[in-house]
Amino acid sequence: MKRIVLLCAVLVLSGCVSIAKIETGQHAVGDRLTVNIEGAWNHINAPGMGPAQVWTMEGMAVDQLLLYSGIRDGQAVHSGGGNDNQKSMTYRSNMQPDEIAALFEGMLTRDGSRYRLSKLEPVSLGDLKGLRFEYSLVRKIDNVQLAGVGYAATSRGELFALLYMAPRLVFYPRHIARVEHIGQSMRIKP
Amino acid sequence: MNRRGFIAAGGAACCALAAASAGAQDAWLAPARFSRPDLSTDEGGLWAMMDREERNLRRSPFVIRDRALNEYVQGIACRLAGDHCPDMRVHIVNTPLFNASMAPNGMMQVWSGLLLRVENEAQLAAVIGHEIGHYLEKHSLERLRDARSASAFAQFIGLFGLVGALGQLAVLAGMFSFSRDQERRADVIGATLMHRAGYDTGEAAKIWSNLLLELKARPDGDPALKSPMFATHPPADERSDTLARLAATLGGGATNADVWEQKIRPFRREWLLEEIKRGQHEESLALLDRMSGGSTAVPDYRYARGEVYRLRAKEGDLDLALEDFRAAAALGGEPPETHRALGLIYRIRRQPAEAKASFLRYLDMAPAAPDQAMIKSYMEELGS
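Residue numbers (the numbering used here), protein chains in the order written: chain C, 1 to 190; chain L, 1 to 384.
To be clear, the hints were calculated from the coordinates, so they are not data collected in a lab.
Just so you know, these numbers come straight off a predicted model, no measurement behind them.
Among the hints, erroneous ones may be present.
[What the hints assert, rightly or not] Below, simulated DSS-like cross-link-like pairs (lysine-lysine); rule was C-alpha separation at most 27 Å, straight line:
| hint | chain 1 | residue 1 | chain 2 | residue 2 |
| --- | --- | --- | --- | --- |
| 1 | L | Lys376 | C | Lys129 |
| 2 | L | Lys356 | C | Lys119 |
| 3 | C | Lys87 | L | Lys314 |
| 4 | C | Lys129 | L | Lys356 |
| 5 | L | Lys216 | L | Lys277 |
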């Protein structure tokens, strides 16, 4: 955890990071995704952060809400590429729901973290059929045990998703209701 | 020692071991047990740092705590280490990569990816013996002193003393990457320890060639083109000759393949799932092609290989996946996920009856499956 905090501090102090407050209400994420939020979030923006918008309540070292809007066929769901031991996790437009959940599992375990799926179920996001999944994650870098939830749906071959994770004992229970509200509010323009 | 390190060391060992006669190996004597160095010395500082890392490792959720498995692997280390046995502490870490390392204070790490890849007890003994060789020769301390940079070392301690997490151990291992001469020496000692403990030293060469097969399977090309080690070493046939001569010189020994199979079986299914999740499809296929050829745990390997094909999803892969899944199911004792995977393929191929039957079988075999709601929704889509 200290290492992550240190990294975040370096990024902020170096002036590369901007933080914007996201207020209660409806928000567009990209061109086609809208979400409705209750309570303010912090939107972190920094170079090289990947295709998702990163929001947090407590700080990136503690909790992260990743919002993906319009990921195209062949596009990676993370920043950077693959290397000797890290496969690049890319979305394919013909992925089935279980494969989409596995895509995010692959992304979260690229660094050797341990992931366990605890639920995968169908969900309706407006007129679209989507998926919702719950998971636990032991973060390799500091052994912190996290809990998480994800929502995803595809439209016109593009992927729209939300992924949240936070330490399981305090922060996850504190924020999960807000995150579920955001997930259920996801609407994708046709 | 990671995979590339082990392969590099294995190649170096071919030359070194060929030069070392059996007589020379028999003449090698292990040093007396080490006493704890004074804390004011560089060695004492190194031990203290490793002690701290070991305390963190003991608490890590990545450590496999199964008593029987730990006693078994610790027993192999003891058999090899002889008088040094009381100073060896093996920790089995759940990480799906080939790796083992030994710290100067006697802390050894063996990763689950290594246990998945070795075929018998003698092969594991080869790796552990190699690591014990580094320990007995105090190679970590040599490397530290070679650095001859007190300020760099102080910075090093300052950095890692702050955090002390398992993740840093890999970095530490990198700091102590050994020279080629040290690797050769550790291999000679490892082979000597293997031989004295009654193991078949020829098994060490097999690990080397097996790993090479996996690396060659990578889509980014032949390791010979990427690694200076392979670019500068003798051709493969020459290596094979060297290894054959070595095995003939030292004579046969036990592989303990049956014991190994019995001890590893309870963990293999989970380790295979972790291997699949790595997403390194070509390497996994090379591993599974090899393992599915000669093991009694065939249903697990056939399922795992089928799942790698299914996830890779190149042209023709789903047919290969179906073949493996059907074979696993026909053998019996297959993982429940075999039937989920079958159902998913049949669903894509619009074969509703077969898909429903497979999903039903999956839910029957795994009633508490985390994805049962999703599977039931698929079944509803498929209709009656």
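Structure-based check of all given hints:
1. Lys376(L) with Lys129(C): holds (14 Å)
2. Lys356(L) with Lys119(C): holds (21 Å)
3. Lys87(C) with Lys314(L): holds (16 Å)
4. Lys129(C) with Lys356(L): holds (20 Å)
5. Lys216(L) with Lys277(L): Between lysine 216(L) and lysine 277(L) the Cα gap is close to 20 Å, so the pair holds against 27 Å.
In this structure, none of the earlier numbered hints is contradicted; all agree with it.
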